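Each chain, letter by letter, is given below.
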Amino acid sequence: EAGVAQSPRYKIIEKRQSVAFWCNPISGHATLYWYQQILGQGPKLLIQFQNNGVVDDSQLPKDRFSAERLKGVDSTLKIQPAKLEDSAVYLCASSLDLGNGYTFGSGTRLTVV
Amino acid sequence: AQSVTQLDSQVPVFEEAPVELRCNYSSSVSVYLFWYVQYPNQGLQLLLKYLSGSTLVKGINGFEAEFNKSQTSFHLRKPSVHISDTAEYFCAVSDGTSGGYQKVTFGTGTKLQVIP
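So the sequence lines, in the order shown, correspond to chains A and B.
Per our numbering, the very first residue in the first sequence carries number 1; after that it's consecutive.
Per our numbering, the very first residue in the second sequence carries number 1001; after that it's consecutive.
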C-alpha cells in the first residue's frame, strides 16, 4: 500500500511569513495526526483528526497555527505568522486503529530565519 | 497522565555487540507500548508494539522488547547490532483514555550509534 505522502520536504521562510504543509494519509485511515519534532526532542502532537473532525488540538498554538482535513482525507497545516521557534520537522501520520500503530510520512523540515 | 522516559540520549555500541535501549513509562491504567525507529531525514517507522498477552514482543530487524509491569518498563534489545541499525529510537505509550480517543505520547528518543 502507498505510504503517507507529505509535501514539501523542505521549506525555508523568513519570520512573520506564512507557510502551509500538505498531507495525504493512507487510504482508509480514519485518524490523522500532525506532530512537531524539534531537533533533539520527541514528536509532540499538534492536532488529531478523526475523519474530518478535530478530537485533540490542545497543544496547537491556535493564534498562529491552523489545520483542516477536507472530506476526511487530505489535510493541510498552516502557520501564520511564523516565528523562529517554529523551526522543526512537521510529521503527518495516519492510523486505522491504535493496535496497528501509526504510519508516518517523511516529514517537512521547516527552517524559519 | 501518561508519560515516557528514555534514560539514555545516546548509546554507542560496537558492531555485532548486544544493545539495550531503556524506556520507562508512567500511566495509571493499562497501556499500549510502542517502539519506533527514525533513520536520518525520514519519518518514524514502527518497530514493535505491546498490546496485551505475552510480555516478550518481537519486532522487525531482529529487535525485541519486554514489558515489565512491576517496573513500568519496556526496554528494547537486540543481541547483535549492525551498522544499519544506526538511527534514533523512540518509545511511546498510550493509555487510550483521553476523552475516549487514543492519544500517544512519545519519549525524547535515544540515538543508537553503531561503531564499526
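Bear in mind the hints are in silico, worked out from the structure with no lab data behind them.
Note that the structure is predicted; figures quoted are calculated from it, not measured.
One should not assume that every hint holds.
[Stated by the list, open to error] Here are some chain B residues the structure puts well away from chain A; computed CB gaps all over 12 Å:
1. Val1004
2. Phe1014
3. His1075
4. Lys1078
5. Lys1103
[Said to hold, decoys possible] Below, computed lysine-lysine pairings styled on PhoX-like, alpha-carbon distance capped at 20 Å:
6. Lys71/A with Lys44/A
7. Lys1103/B with Lys44/A
8. Lys1078/B with Lys1111/B
9. Lys1111/B with Lys44/A
10. Lys15/A with Lys78/A
11. Lys15/A with Lys71/A
Beta carbons: idealized from backbone N, C-alpha and C, even for Gly.
*Which hint numbers does the structure go against, in order from smallest to largest?*
1, 5, 6, 11
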